[in-house]
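**Student:** If you read the sequences in order, they're chains A, B, C and D.
Take 1 as the starting number for the first sequence in my numbering and just add one per residue.
Take 1 as the starting number for the second sequence in my numbering and just add one per residue.
Take 1 as the starting number for the third sequence in my numbering and just add one per residue.
Take 1 as the starting number for the fourth sequence in my numbering and just add one per residue.
Honestly, I wouldn't trust all of these hints.
Because identical chains cannot be distinguished in the list, a pair is counted as satisfied if it fits within a single copy or across any two copies.
Computed list of lysine-lysine pairs in PhoX-like fashion (alpha-carbon distance at most 25 Å, straight line) [said to hold, decoys possible]:
(1) Lys4 x Lys18
(2) Lys18 x Lys93
(3) Lys93 x Lys4
Simulated from the structure, these hints should not be mistaken for laboratory data.
As the structure is a computational prediction, the values presented were derived from the model and not from experiment.
Listed below are the residues making up each chain.
There are 4 protein chains.
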Amino acid sequence: MTLKNIQEDVDKWTGQFKPQYWTPHEILARLTEENGELAREVNHLFGTKKKKSSEQESSMGQELSDIIFTVVCMANSQGIDLQKEWEQMMNEKQYGRDKNRFDKK
Amino acid sequence: MTLKNIQEDVDKWTGQFKPQYWTPHEILARLTEENGELAREVNHLFGTKKKKSSEQESSMGQELSDIIFTVVCMANSQGIDLQKEWEQMMNEKQYGRDKNRFDKK
Amino acid sequence: MTLKNIQEDVDKWTGQFKPQYWTPHEILARLTEENGELAREVNHLFGTKKKKSSEQESSMGQELSDIIFTVVCMANSQGIDLQKEWEQMMNEKQYGRDKNRFDKK
Amino acid sequence: MTLKNIQEDVDKWTGQFKPQYWTPHEILARLTEENGELAREVNHLFGTKKKKSSEQESSMGQELSDIIFTVVCMANSQGIDLQKEWEQMMNEKQYGRDKNRFDKK
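Next up, chain A with everything else stripped away, as it sits in the complex (with noise of 0.2 Å):
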């Protein structure tokens, strides 16, 4: 499954509904809401509030699905092409700005 492919399979789901795709304030709004539950999540199973046995099980992977199924929402309403913007990061992380940000090994 490539960016490409994520891209076309959210955009074939959103076209089903009516508006396709919420402002971009809202589908924002969206994704702190999801940042939001995977901060919770993080917190019942790293943090001091632990979980109760009863709902024990993560649900991390889920929660970081539907954060990225918020950015693509958010891409897609903007015409943004996430692979090429995902490669010129990269690039730049390799090459750029963020070469000798961090302590290297």
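For chain A, the structure is supplied; the task is to place chains B, C and D on it using the hints.
**Tutor:** Coordinates of chains B, C and D only, in the frame set by chain A:
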């Protein structure tokens, strides 16, 4: 109820727990979670995804209180005096960096 | 400085701009931005990615004030009385839903 | 570029650093920071606070890539297979819990 009172009330309430305050990263994650709940409420009230009538009452005031509570926990855990910080910020808004940031009437 | 004073001060300061308050979605986006600045500060101070010595002074108190400011803007724009909401929340924490949420000493 | 490729590329790039991945709470804080940068961009492009002309070019595609990068770091650090999680989520959207969540055309 002053900011000082608020910090004291939170300190008193959290004082019954062990540990009294989580780590900064855990409090931050909680803040992200609360921010997400506000985001859901904003989309419910003002966005495309309307709430069903049975859940129409706004909880925005409580969500905002939850955020303030979490901010106060962070401040208390780090020995930060919010009254002093608030005055410094308002002072900078009036006389400093933010003075000409937005369009005046 | 009481919560009422704070709401009045913000109302006075924002009163010089047009519009006085953004839409709820825009204020929420600003809150997400401020939350992000606090997150960067938390990682700088307590995480793996340490700040360089030239930027070591903590701005956490100012970041927390920025969050409170944004929360107050949201409350003011929606006619929410934060003092009343705060008391309701603390009351619920003491006698209601949150009473047994965490481990007591 | 598939989700598997993306996870591998990130793993290879992060493999040059020590530690390769931060703790979940640190990665979450980074995600909150990136979410905040997207929020600023959304307000700049679509909100009341317009950017000055000198900074008009949109960086939304890069902000979205930064979020995906951070999500992939979290997944890699926890041994999560994003391809599998993505398929499960899309499957649930089509046949499960989210099926009737929004208004169809």
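**Student:** Within, between, both or neither: how does the pair Lys4, Lys18 come out at a Cα-Cα threshold of 25 Å?
**Tutor:** For Lys4 and Lys18, the Cα distance is within 25 Å only inside one copy (23 Å; across copies 32 Å).
**Student:** With identical chains, the pair Lys93 and Lys4 could be close in the same copy or across copies; at 25 Å between alpha carbons, which is it: within, between, both, or neither?
**Tutor:** The answer is both: 22 Å in one copy and 19 Å across copies each meet 25 Å.
**Student:** With 25 Å as the alpha-carbon cut-off, assign the pair Lys18 and Lys93 to within, between, both or neither.
**Tutor:** between (38 Å within a copy, 16 Å between copies)
Violated hints for the displayed structure: none, as all numbered hints are satisfied.
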